[in-house]
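Enquirer: Residue-level listing of the chains:
There are 2 protein chains.
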Amino acid sequence: MMRALAALAAASLGAHAATPVPDLMPLPASISWGDGKLVIDSTFRVAAAGCQDARIAAAAARLPARLTRQTGIPIPRAAAAAAAATLVIECKGPGEKVQSPLEDESYRLDVAAQQARIAAPTAVGALHGIETFLQLVIPGQDGFAVPALRIEDKPRFAWRGLMIDVSRHFLPVEVIERNLDGMAAVKLNVFHWHLSDDQGFRVESRRFPKLQQLASDGLYYTQDQVRHIVAYARDRGIRVVPEFDMPGHSTAWFAAYPELASAPGPYRIERGFGVFDPCMDPSRERVFQFLDAFIGEMAALFPDEYFHTGGDEVNGKDWDRSPRIRQFKRARGLKTDEDLQAYFSKRVHAIVMAHGKKVIGWDEILDPKLPKGSVVQAWRGPRILADAARRGYPVILSAGYYLDLLQPAAFHYGNDPLGGEAAALGAGERSRVLGGEACQWAELISGENADLRIWPRMAAIAERLWSGSDVTDVGSMYRRLESASVRLEYLGLTHRSVQGPMLDRIAAGQPAGALRTLGAALEPVKGYARHAARAYKSSTPLNRMVDATPPESGAAREFSGAVDALLAGDQAQREGVRTRLAGWRDQYEALKPVFAASSLAAELEPVSRDVSALAAAGIEALDARPTPPGWVEFLERAKKPRAELLIVILDPVRKLVEAAGAPPPAAANKP
Amino acid sequence: MMRALAALAAASLGAHAATPVPDLMPLPASISWGDGKLVIDSTFRVAAAGCQDARIAAAAARLPARLTRQTGIPIPRAAAAAAAATLVIECKGPGEKVQSPLEDESYRLDVAAQQARIAAPTAVGALHGIETFLQLVIPGQDGFAVPALRIEDKPRFAWRGLMIDVSRHFLPVEVIERNLDGMAAVKLNVFHWHLSDDQGFRVESRRFPKLQQLASDGLYYTQDQVRHIVAYARDRGIRVVPEFDMPGHSTAWFAAYPELASAPGPYRIERGFGVFDPCMDPSRERVFQFLDAFIGEMAALFPDEYFHTGGDEVNGKDWDRSPRIRQFKRARGLKTDEDLQAYFSKRVHAIVMAHGKKVIGWDEILDPKLPKGSVVQAWRGPRILADAARRGYPVILSAGYYLDLLQPAAFHYGNDPLGGEAAALGAGERSRVLGGEACQWAELISGENADLRIWPRMAAIAERLWSGSDVTDVGSMYRRLESASVRLEYLGLTHRSVQGPMLDRIAAGQPAGALRTLGAALEPVKGYARHAARAYKSSTPLNRMVDATPPESGAAREFSGAVDALLAGDQAQREGVRTRLAGWRDQYEALKPVFAASSLAAELEPVSRDVSALAAAGIEALDARPTPPGWVEFLERAKKPRAELLIVILDPVRKLVEAAGAPPPAAANKP
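Here the protein sequences come in this chain order: G and P.
Mapping of the first sequence onto the numbering used here: position 55 corresponds to residue 74, and the numbering continues sequentially without gaps.
Mapping of the second sequence onto the numbering used here: position 532 corresponds to residue 551, and the numbering continues sequentially without gaps.
Don't read these hints as lab results, they were simulated from the structure.
Check the hints yourself; a few may be wrong.
Pairs involving identical chains hold if they fit within one copy or between any two copies, as the list cannot separate such chains.
Derived lysine to aspartate or glutamate pairs resembling DMTMM-like cross-links, with alpha carbons at most 20 Å apart [claimed, not checked]:
id	residue 1	residue 2
1	Lys659	Glu571
2	Lys229	Asp311
3	Lys556	Asp60
4	Lys173	Asp123
5	Lys229	Glu278
6	Lys545	Asp356
Hey, can you work out the whole structure from these sequences and the hints?
Expert: Here it is in structure tokens:
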């Protein structure tokens, strides 16, 4: 198995040199290659043999249109008998009535010249097999085909999720749908839906309708829409875990029901971002009565066996300010605010369990009173993951998977749920590490650019959670990630195409091509640096260059690799490096009219000028001219963020310049 | 008025030099500029004052989301009183219950620093005013704003349409919706829906359900979908004129009801393209009984006062082959097949009118027996338009507006319904020229690339039909067309963004950037040349470079202009011309791995190589080196279409080369 995998990752299979190797992502557990290929053309037909599960029928019905979008070949929606079908899908059983982390997700895919066959114990496994099949359809030298092979595959981790915050910025149903399609394509199986926070309450409650009426700005999902999304996800092998964050991150609730809060109010929906004081009042029984009724309503709406009650970032300030709550703590012998939160959590967890659900919460819920079987979501670091596993709790990793921090895919890819502190766990403890969840917090995304922030990096995390722990080749990952990124757009995701309209808007009627060139040299600042740069609010337009710029520049990464190779003596890189640099040098001149015309572009003038100067210095260095005067001061300025953007070609150009003319030796004056 | 217009077209208003001039399309009848501007930010609110028409309420409700898409500024859906609104919409009356060509479509738009106000006699006029307002929202130096102005506007022609054929390739409802959005944005008011042809019958009939069951491949609009599209169009000021083409172009009907045909059959849905023999049988009363019932059903489904019964391209062969039909002609004294078609048409037109509709048909229906008031759609040339107008019929022009022939926008823009033969018409005759309709026949489009074929050229035709006859500056048109093209993507049209996924598919996992560079030097062959190149069928994949290449290359047009300027002495163009040429020279080397890997790209190798060689010759010429050897033979080869693509930078490069070194004088050998 490992040999086949390594060969796949290296894309250099002797016998298949003429056949391009498909860029699968996530890599399957095992592949063995056969001879020949299965041709894909307009005669393609699918048969679902012995699958009683409606999900397979629905997936089969979607397949012709998906193949058409991917290949451009018109494929009619027509059923076929198994013998005549191009692809036969067999599943032994329908799978669980409500998909759980225990679901068998394995499948086998056999492709021969005449037919392909997916065999799986459950419908969910078969769905994964279909996604693998679609990834294998590539245009070879004689049209579209799938290479003959056998794949046997199953996931390394049972919980492979994406959390999307829809409170800080609401995301329309169609954005959720296409992200579910993307999740299914890379075999993720949990959509964690962060439905309430200080900035908005996003689901219709019939018991407590003021929640959507007063706490959502009219931007919420109706219960019909929730049921639609749950069914849409289930059809794609994805569980939906709802989160209602409490007792903190709850200002929006209080805009509707101030009687739940620890302070008298009045409350308004929070428009800023950060950790705020408003907090539910654990000293009042009416709060738990409300939550019992509310959780009961939501437990019926969301079929998943897990229910997420948040629990993160309670600052305790409103508790400390309340004489009544201080008195309550004394009376109950609760010494600290952590003790008080543990009391609150215990009450809420009992309610959740009384409604037939298991608890999941952020890692602050880890407490001796936490019910056994509750899942701890480790967001503050790997140590708490290991700690929770040792204390007997199932646990998932989110620390290191925060997509909103705009780290490179390689960073997330290297973040193994069983790495770091968890590497020292015993076998029994390790088995409690169920997997991980990427998190997309929504301070700085809108429906327009959400895809651009989530994809394609999410696919690299999906591979970390699905594929073997030895699948760690970053070069292979990036190459396959590019193919995955292209395929994801055929599902309707817009992470690539939306850059066009966003840059056109910034260009304000001028040609946007040079903005694209400039953008390839840039990345948004990382971590929480954008919040340090300005006071963002939910009403702040997210229409600037930083919002249209992907978290990671593939062009800059390739450029950096080419420079390294050139400096190591690979002269074949020289022309490519020069061409890239010429583009970056020339963009400034091309953009001058844009800076003058557009308020959205004006802030880019200094960074564009510095990219141009940097590229010009790089070209001088290629021509073996020595380090220009003022170079050190220039670098100091150029490496500072401007317009919340970083010049990410700075390091490779610095290498070129320093290689061309060594700086004056520091020790020259010494004897 | 004309002075203001000319200034707008030239975009050089002294007093407004600091404010970019909005690129309106179509240009309005009059503009006068005021002082200052109306700022557009998240406080934007709209009020519909005294408009009782539901269309205005719906348009106002859509406005915040449209502004958000266009500007990136979050704008809540919140109503406002007129005094507090940013934009007030006033209409005197609701307009016609069913919109007609007589509808008053005029409006006035006043923009001041505090408020904008649209005043219109009807809801349709107000809708046009909203579109103009949106086009005026541009990012200036201090954020988005609308310049202060007064626009008074009304259309030159009452009938401004787009015909889309959905028979040869079916287009899903969402494609129709976004094209209606695009039509409304450029003030078109007729969607002519070509619903049946040899290759498919595309609407549900409850009276004759075999039509959709046996004649559509399952690809048809349900009656609910038809009602939805009709309402969607009406909400945007657009009439929907259905067409059921008869007696020819009707093979699909016969796949369901062979008893309507002139020959015994059996019939199958036609998969090829062209003019076919199958034809309805005018000698049988049962045919007219069927059509009476069918047209009655459809007349109720489509509220427009006009009903299109086609009538084009009857070749008469099946009539001539039928002894029964020959006998019928003799018995009725019908000498020719044209006479027989006139008899058929007279019967069908009587049915249409009996169901309360007016007739519209292709220009073959022009016959002395054609009922007065019937509209003749002139597709075979301007002469028949003039002829029909002289004979007292209202007429619309489609000749010269066939989008599927892939002509440049300037070609269509110069095609005036009152130009050519119509210029000689008297005033009364001229008044019968109602306008025009662009036609998008569907042999070579799919849901994927339909937008790419229709837009943005459709906007230039829309301007021809709306704006004054003196609005003819092609340079201004192209500049504004580019802005219109950008704006149309915010409506959901994909003519720009779909090129990315289509080129990615052709690149088959390799970077697609060089394909985009190559594509900028190319255009699809024009007219019907693609059908000469290969035998297209409805099952032929439309996923090749020619399908992804826009009908007109803006880059090539700009390059050509720059070369002309350079050769006229404008040295400032030199570097830009060189950079363009370098890109075209280098794309071949970059694409070699793509040609090797992808069956979709392999056919591009010769054309890519020739573009590269051409560009290299252009660079040599810039460096003042003389005409290369073999140049004439090279040009002969390079100007031939390959892969159904033309190299459209050939002429400007030839000019460069010839200017650099004059070819050997032909008269050198003569004394």
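Enquirer: Checking Lys659 and Glu571: alpha-carbon separation at most 20 Å within a copy, between copies, both or neither?
Expert: within (17 Å within a copy, 43 Å between copies)
Enquirer: Please sort Lys173 with Asp123 into within, between, both or neither, judging by C-alpha distance up to 20 Å.
Expert: Result: close within a single copy only, 8 Å intra versus 66 Å inter.
Enquirer: One pair to classify: Lys229 and Asp311, alpha carbons no more than 20 Å apart. Within, between, both, or neither?
Expert: within (17 Å within a copy, 56 Å between copies)
Enquirer: Are the CA atoms of Lys545 and Asp356 at most 20 Å apart within a copy, between copies, both, or neither?
Expert: Answer is neither: 32 Å inside a copy and 76 Å across each miss the 20 Å cutoff.
Enquirer: Using 20 Å as the alpha-carbon threshold, which applies to Lys556 and Asp60: within, between, both, or neither?
Expert: Answer is between; shortest inter-copy Cα gap is 14 Å, intra-copy 51 Å.
Enquirer: I want to check one pair: Lys229 and Glu278. Are their C-alpha atoms no more than 20 Å apart within a copy, between two copies, both, or neither?
Expert: Within one copy, since 13 Å is at most 20 Å while 63 Å is not.
Comparing the model with each numbered hint stated earlier shows that hint 6 is the single one that does not hold.
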